[in-house]
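So you can see what is in the structure, the chains are spelled out below.
Protein chains: 2
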Amino acid sequence: MSLSREIARMIINTRYEQLPAEVVSFAKLCILDWLGSALAGEKQQPAQILAAIAEDMGGSGQATLITGGTSSVWNAALVNGAASHIVELDDIHKASIIHAATVVIPAALAVAEWKRKSGRELIAAVVIGYDICYRIGEAVSPSHYYYWHNTATCGTFGAAAAAGYLLGLTEEELIQALGSAGTQAAGLWEFIEDGAMSKQLHPGKAAMNGVLAAQLAQRGFTGATRILEGRRGFFQAMSESADAMKVTEGLGQTYKITENSFKIHASCRHTHHAVDMILEMLQERDIRPETIESIAVKTYQVALNITDNPHPQTVYAAKFSLQFCTALAAVKRSAGLADFSKSALADPEVLALMRRVEVGVDPQIDAAYPEKWGAAIEVKLADGTRIAKQTDYPKGDPESPVTDELVDKFRKLTADRPAEAVERYVERTLHLEELAEAGLLLSEL
Amino acid sequence: MSLSREIARMIINTRYEQLPAEVVSFAKLCILDWLGSALAGEKQQPAQILAAIAEDMGGSGQATLITGGTSSVWNAALVNGAASHIVELDDIHKASIIHAATVVIPAALAVAEWKRKSGRELIAAVVIGYDICYRIGEAVSPSHYYYWHNTATCGTFGAAAAAGYLLGLTEEELIQALGSAGTQAAGLWEFIEDGAMSKQLHPGKAAMNGVLAAQLAQRGFTGATRILEGRRGFFQAMSESADAMKVTEGLGQTYKITENSFKIHASCRHTHHAVDMILEMLQERDIRPETIESIAVKTYQVALNITDNPHPQTVYAAKFSLQFCTALAAVKRSAGLADFSKSALADPEVLALMRRVEVGVDPQIDAAYPEKWGAAIEVKLADGTRIAKQTDYPKGDPESPVTDELVDKFRKLTADRPAEAVERYVERTLHLEELAEAGLLLSEL
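Respectively, the protein sequence lines represent chains A and B.
Everything in the first sequence is counted per the UniProt record's numbering, starting at 1 for the first residue and increasing by one.
Everything in the second sequence is counted per the UniProt record's numbering, starting at 1 for the first residue and increasing by one.
This is chain A alone, in the form it adopts within the complex:
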């Protein structure tokens, strides 16, 4: 049986009612987390430019743009996808290196709003979309990732799967939709050399292309039936080797959305374990920064390769400095988007403490990487007290799940909006299964 047919059958057979409770809860957290990122990004240039072009192009008022107003489902998928990948706080699947939210959710939400689908149907669509793109991403990892932005390329299949589910496609139609999705898959990493906005174009376009693929199939437009494993298909063309088993293993039995990692701090993932432990200590006892004599952080070598920077000069560099992030967390008691600012970079208290942070490798922790992303921390106070902590995973990883922290993060990302509206967003998303129309999620806009 072709991989496309196996995927199509899994989609056809998925029912909200049969999803495990933890899968449903997880999907709602993914949607809340996505919404926070989208709301935090929508005023920034990449989203605003795409919104302006979408306005130029016009479109039927089928779905809500995160930037305001309604337009076609294409435009909603495009703009909302791009907006949600700007602040770089969206979720990630480590095994496939895919940010599924930024592609799958805007596609699914736009189609759900258009077709007046329920919250439950949106949840099922998101579960499906995450699952398909994670599986395809794992199949082509690691070689695909060198040239291709997995989030966009593999994400296109996820968006098509979610949209196809919501459009009620048949098995044969879903196979065609996957063909049309794969043949539109694009997104080269070359933009990273310039730090260009293609980073945001990719998920937006992938969401839009996925929706188009499903629409095409619904109307009888055909595509390759073996787009993944075919001789001139996605695997052969875009990876050095591909493991088809990664697509099919447990397909329809386990949903990979629960393997998702959330990012609750605004810094590089390799700094999160230290920030987590500092914040935990501060919850356990009140430690004033000036009473800290030293902080020793031991972790794996890769973390240091990327984040050992005792003198970050820009806000961006500060997010990649383990020393800065650790000190910032101790002083500000938080490491959210707003905490990483120019004023924090010049804050004498943060800078003074940063100089008292020492980083190094712990051989045992290093040996356990990358299965575990661990760290050990020891804080020495002026009175001689030593406080030590150790962790194997940053918070937000599936092994260290979070809920309250995600709601906190959402509130921080939407701090510029009326508090009542923010609480309604939280309420609606966390009770999404009760919404008769999923499109109401964005009704605060």
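Note that these hints are calculated values from the structure, not bench results.
Just so you know, not all the hints are guaranteed correct.
What the hints assert, rightly or not - Label-pair ranges, simulated between beta-carbon atoms:
#1 A:370 x B:231: 16 to 26 angstroms
#2 B:370 x A:219: 38 to 48 angstroms
#3 A:368 x B:231: 30 to 40 angstroms
#4 A:250 x B:399: 57 to 67 angstroms
Just so you know, even glycine gets a beta-carbon here, dropped at the ideal spot from N, CA and C.
Based on these hints, arrange chain B on the given structure of chain A.
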């Protein structure tokens, strides 16, 4: 200097007034030829499905759809691009294996109509678009073509270049536009295994994506500045080896649009030389099919590998049968789209003559392939007369140029439309430099 900058400078420096007269004439023939293909394809399913989806999505009335009505430039580029690649009679560049018309012209025409650009500006844009995609296609040939549908992937750059020219982008903006084009480039050959409609989706999407790339750049959206030659760019990711010199050699001095080949018969290109010679003989003297004792066609081996089929069973197969095409031309005195029909396939006169066609290899002709696509033909009549002809190129190749034949082809492809409207299309296109608004080209719709 980066390739993108070299291309951007060539675009900036191109002026209609400085184009050689033969380049201008050639561009107008390309546009006429494209228009015929688009009008012949618009009623078929792939175009109609895309038009229906475009209508669903809605869009501002900026540009004319070949299927009727107006919509956004995106929708016009998408629908018109797909429509023009259905009857498979659009032009081709042999060195890059690209059908530029089906991507570059719908993108350029939609933007020209939107921005009320003149016929002259459209001509310059088309010349630029053809040139850029041919050059990039040659640079990645032949390895790119194995997996990737060059027309779509390289065509995206051509569409962006043409659209960027018409939008008046600066050098820096054009570089960004090329970055956004390349990172959207997509289109896998896998669909060919199913004979799927991705064949038409690809050029339509490439045209639309190229327009989007130019729009993005105009509003300050950034892309990779070395999208072609960069470490994780188009060349490295999508070809085994690439020759950057093919992009720059003679750039801005010679325009590759004049290397274009036109297809004046509706069959496989490898049958055209024989059809040409039969039609030429029939112009020179009246030969009734029943008086033909035998026809011997000698050509290169590759032609026979693909077209030696003495018993074609379908209309599609008939277009790939050298024996059938030769006999059809002798009986019908034409080998246009309408001539290849089910009734022709059952026509006793065609079938009888087909059995008297012999095909074989001529060693000299074979040795000259692929630089020359030659054939020799000998017709033996019942009265003992032998008529022989030989050619190095099928008509429509740059070495064997055509004009009247293209106008004839246009009339045949639009035979279902009012004759006066058809003549106005021809008149306007062949005098495009006199049109104050290029969008008027489609005003007969």
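Verdict for residue 370 of chain A, residue 231 of chain B (Cβ pair) under range 16 to 26 angstroms: 24 angstroms, holds
Range agreement (Cβ of residue 231 of chain B with Cβ of residue 368 of chain A, hint 30 to 40 angstroms): Between residue 368 of chain A and residue 231 of chain B, where Cβ atoms are some 32 angstroms apart, the hint holds.
Range agreement (Cβ of residue 399 of chain B with Cβ of residue 250 of chain A, hint 57 to 67 angstroms): 60 angstroms, holds
Pairwise beta carbon distance, residue 370 of chain B to residue 219 of chain A, judged against the given window 38 to 48 angstroms: 40 angstroms, holds
Figure legend: structure checked against the earlier numbered hints; every hint is met.
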